[in-house]
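J.: In case you want the letters, here they are:
There are 2 protein chains.
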Amino acid sequence: MDMNTRVLELEKDTKTKSLVIDTDVHESFGSLKDLVPYLKEPWKRLLEGGNWKGFSTDFLYWYNPTDWTSQSVSSYKRTQTELLDEYDIRYAILTGYFYPSMLKTQREFAAALASAYNDFMIENWLEKDDRFFGSIQIAPQDPQSAALEIDRLASHPRMIQVMLPIDFKAYGDPYYHPIFEAAQRNNLKVAFHHTTIAYSGLGIGNYSIERHMNLPQLTMAMLTSLICNGIFDKFPKLGFIFLEGGFTWAPHLIWRADREYKSLRAEVPWVKNLPSQYIRERVRLAIQPTEDISAQEWMKVIELMGSDEMLCFATDYPHYDFDAPTRALPAGLPEDIKKKILYQNAGKFYNFMNKKE
Amino acid sequence: MDMNTRVLELEKDTKTKSLVIDTDVHESFGSLKDLVPYLKEPWKRLLEGGNWKGFSTDFLYWYNPTDWTSQSVSSYKRTQTELLDEYDIRYAILTGYFYPSMLKTQREFAAALASAYNDFMIENWLEKDDRFFGSIQIAPQDPQSAALEIDRLASHPRMIQVMLPIDFKAYGDPYYHPIFEAAQRNNLKVAFHHTTIAYSGLGIGNYSIERHMNLPQLTMAMLTSLICNGIFDKFPKLGFIFLEGGFTWAPHLIWRADREYKSLRAEVPWVKNLPSQYIRERVRLAIQPTEDISAQEWMKVIELMGSDEMLCFATDYPHYDFDAPTRALPAGLPEDIKKKILYQNAGKFYNFMNKKE
Chain A
1 MDMNTRVLEL EKDTKTKSLV IDTDVHESFG SLKDLVPYLK EPWKRLLEGG NWKGFSTDFL
61 YWYNPTDWTS QSVSSYKRTQ TELLDEYDIR YAILTGYFYP SMLKTQREFA AALASAYNDF
121 MIENWLEKDD RFFGSIQIAP QDPQSAALEI DRLASHPRMI QVMLPIDFKA YGDPYYHPIF
181 EAAQRNNLKV AFHHTTIAYS GLGIGNYSIE RHMNLPQLTM AMLTSLICNG IFDKFPKLGF
241 IFLEGGFTWA PHLIWRADRE YKSLRAEVPW VKNLPSQYIR ERVRLAIQPT EDISAQEWMK
301 VIELMGSDEM LCFATDYPHY DFDAPTRALP AGLPEDIKKK ILYQNAGKFY NFMNKKE
Chain B
1 MDMNTRVLEL EKDTKTKSLV IDTDVHESFG SLKDLVPYLK EPWKRLLEGG NWKGFSTDFL
61 YWYNPTDWTS QSVSSYKRTQ TELLDEYDIR YAILTGYFYP SMLKTQREFA AALASAYNDF
121 MIENWLEKDD RFFGSIQIAP QDPQSAALEI DRLASHPRMI QVMLPIDFKA YGDPYYHPIF
181 EAAQRNNLKV AFHHTTIAYS GLGIGNYSIE RHMNLPQLTM AMLTSLICNG IFDKFPKLGF
241 IFLEGGFTWA PHLIWRADRE YKSLRAEVPW VKNLPSQYIR ERVRLAIQPT EDISAQEWMK
301 VIELMGSDEM LCFATDYPHY DFDAPTRALP AGLPEDIKKK ILYQNAGKFY NFMNKKE
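Residue numbers (our numbering), protein chains in the order written: chain A, 1 to 357; chain B, 1 to 357.
Just so you know, these hints were derived from the structure itself, not from any lab.
You may find that some hints are simply not true.
Since copy identity is lost for identical chains, a pair holds within one copy or between any two.
Taking lysine-lysine and the DSSO-like style, the derived pairs with C-alpha atoms no more than 27 Å apart in a straight line are [to be verified]:
| # | residue 1 | residue 2 |
| --- | --- | --- |
| 1 | Lys-104 | Lys-169 |
| 2 | Lys-262 | Lys-338 |
| 3 | Lys-348 | Lys-128 |
| 4 | Lys-339 | Lys-234 |
| 5 | Lys-104 | Lys-40 |
| 6 | Lys-53 | Lys-348 |
Please read these numbers as outputs of a predicted model, since none were measured by experiment.
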């Protein structure tokens with residue numbers, strides 16, 4: 001059964017009013033202590049002893065108190081009720097909210113944390129509801145151990161991608177190739193999501209609002225890193241999804257990258273195709289946070305992108321700037337485009353029903 | 001006489017076929033030694049003694065040999081012939097190609113270099129052809145001396161702006177306020193242009209093509225820095241032009257900044273208006289390097305920007321990716337939009353005929 005048939009099956013199968021695939025749901029633990037049972041020694045006793053306090057930020061979060069929910073830890077039960085049931089979400093892809101990638105020293109500890117987190121997540125989330133699909137968390141600062149972790153968990157029927165947290169690492173660098181090799185040999189997708197370490201080319205800025213405005217630039221920079229270092233060419237089966245990094249910049253990046261490629265491709269002879277081709281065919285962008293634009297503006301952006309298959313719906317649940325599927329898309333957007341964004345594009349990209357069955 | 005009348009006068013006045021204002025022309029010296037006569041001691045004897053080799057790059061430039069010209073030093077005579085006469089450029093704004101901003105230590109030396117460069121440029125460029133207008137080069141790492149340098153030169157009839165080179169400094173930071181104060185009290189514009197130190201949020205990348213693709217992100221990040229730190233509010237008379245940083249990302253940045261502002265403005269109460277308003281009213285973007293897009297795509301981008309007064313023509317002469325006025329705009333672009341881009345928008349923004357007379 002090919003994917004288009006499967007998507008049609010999905011449409012027949014469901015009894016929900018709105019058929020939605022949510023590509024960015026942040027599951028979490030209650031506290032770091034929840035990871036202790038899943039850790040190996042010596043990390044287990046050290047974490048249990050309170051020798052590490054977890055990640056913090058260089059800024060104070062500043063939420064608009066009128067927003068839908070607070071930045072709270074989500075339990076699977078609350079997520080079932082508040083998200084899956086409330087909004088008829090057919091599949092929710094869990095993307096984590098704890099990224100050992102951010103640890104600047106002690107890569108072995110980072111790898112142990114990732115591994116413990118994955119086991120915690122499988123037991124406490126994936127096994128609780130079959131609408132949940134998962135991302136394999138890794139410590140990319142140690143690509144060899146990351147590849148082993150990917151191999152260890154890829155056979156889980158609802159693990160569908162490797163998570164590469166965006167902090168200060170340009171993952172196009174050949175140093176990280178073992179991670180892409182492992183994702184490709186296990187037929188997984190690769191997902192990118194920023195962390196709390198998220199700078200622009202001018203640094204972190206003076207206020208958290210600057211960081212929020214600048215986040216999409218990290219997705220743009222990561223795409224150029226992947227393209228120019230030949231990741232699309234070296235790993236031809238891989239697909240890439242960028243979460244929470246915006247999408248209305250895509251026409252610009254496509255055009256700019258093509259212009260520079262035409263002018264300077266002699267420097268990167270391993271890049272065989274125009275950047276626009278890699279991006280349109282193999283990159284997907286989750287739409288949360290959507291910008292406040294009209295249906296006409298949405299359509300113009302999609303036309304300028306040159307593809308209506310790149311955008312995938314996401315809520316970013318449970319964060320304060322959550323986009324409900326009932327509100328994320330403006331009135332007046334054509335029905336076929338709505339369907340593509342709400343589930344068809346993600347359904348095709350992940351092809352995850354194959355994996356589930 | 002108001003500015004619109006002046007632009008009409010300009011149209012009547014000229015005998016040229018194409019009336020063009022070029023907002024980004026890179027004048028230069030032949031070698032560092034050219035600055036020696038303009039330097040004070042002890043810098044004069046140290047530079048004369050060869051104690052500093054000038055700026056270099058962390059990469060090898062990689063030019064497409066089929067391009068229009070090589071990355072050569074331009075003399076004013078060659079610029080007159082190859083650029084002004086050849087393409088009927090009515091006014092060319094000189095923006096420099098030597099940015100003491102990049103010096104990471106010895107700010108007093110940087111300030112002395114900027115000052116010497118300005119005197120060199122006035123004598124060897126501005127005074128040679130009255131089609132040239134100039135930018136005051138400064139060492140922004142020392143804002144107090146930069147402000148003195150601005151005050152020293154602002155009365156020159158063809159100095160129309162302060163140049164803020166984009167490297168790793170977020171100029172919205174209050175540390176740099178004395179520069180904006182000096183620009184405002186002298187009725188100058190502020191221009192931004194990247195330097196060879198140009199990173200993305202993920203660093204410099206592995207190849208120079210990555211840097212070329214990522215350059216616009218620095219303009220985006222600088223805009224958010226200026227907005228969130230209240231530069232538009234604190235210096236209400238200032239106008240800002242961004243050179244060589246692209247423009248097709250502008251709809252995205254406008255929408256994203258407005259969304260974040262609506263959500264997080266409590267953090268920056270000194271920012272009184274929507275970012276979109278500051279950008280549309282007081283920011284101008286030079287169009288070089290233009291991307292390879294059709295007239296229809298140009299028009300969609302301009303519509304999505306919400307203003308047809310933001311884009312200004314630039315050649316980037318004499319660099320390898322020079323955009324000729326005869327080729328930069330695609331066939332089929334409406335005549336009124338062409339005129340706005342080629343000279344009306346820059347004419348209104350700079351209002352520089354007032355200064356000249």
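J.: Take the hints in turn and mark each one as holding or not.
T.: Status of the hints after comparison with the structure:
1. Lys-104 x Lys-169: This pair counts as both: shortest intra-copy Cα distance 11 Å, inter-copy 24 Å.
2. Lys-262 x Lys-338: Between copies only: 25 Å across, 34 Å inside.
3. Lys-348 x Lys-128: within (25 Å within a copy, 64 Å between copies)
4. Lys-339 x Lys-234: Cα proximity of Lys-339 and Lys-234: none, with 32 Å in one copy and 46 Å across.
5. Lys-104 x Lys-40: Within one copy only: 20 Å inside, 46 Å across.
6. Lys-53 x Lys-348: Intra 40 Å, inter 56 Å, cutoff 27 Å: neither.
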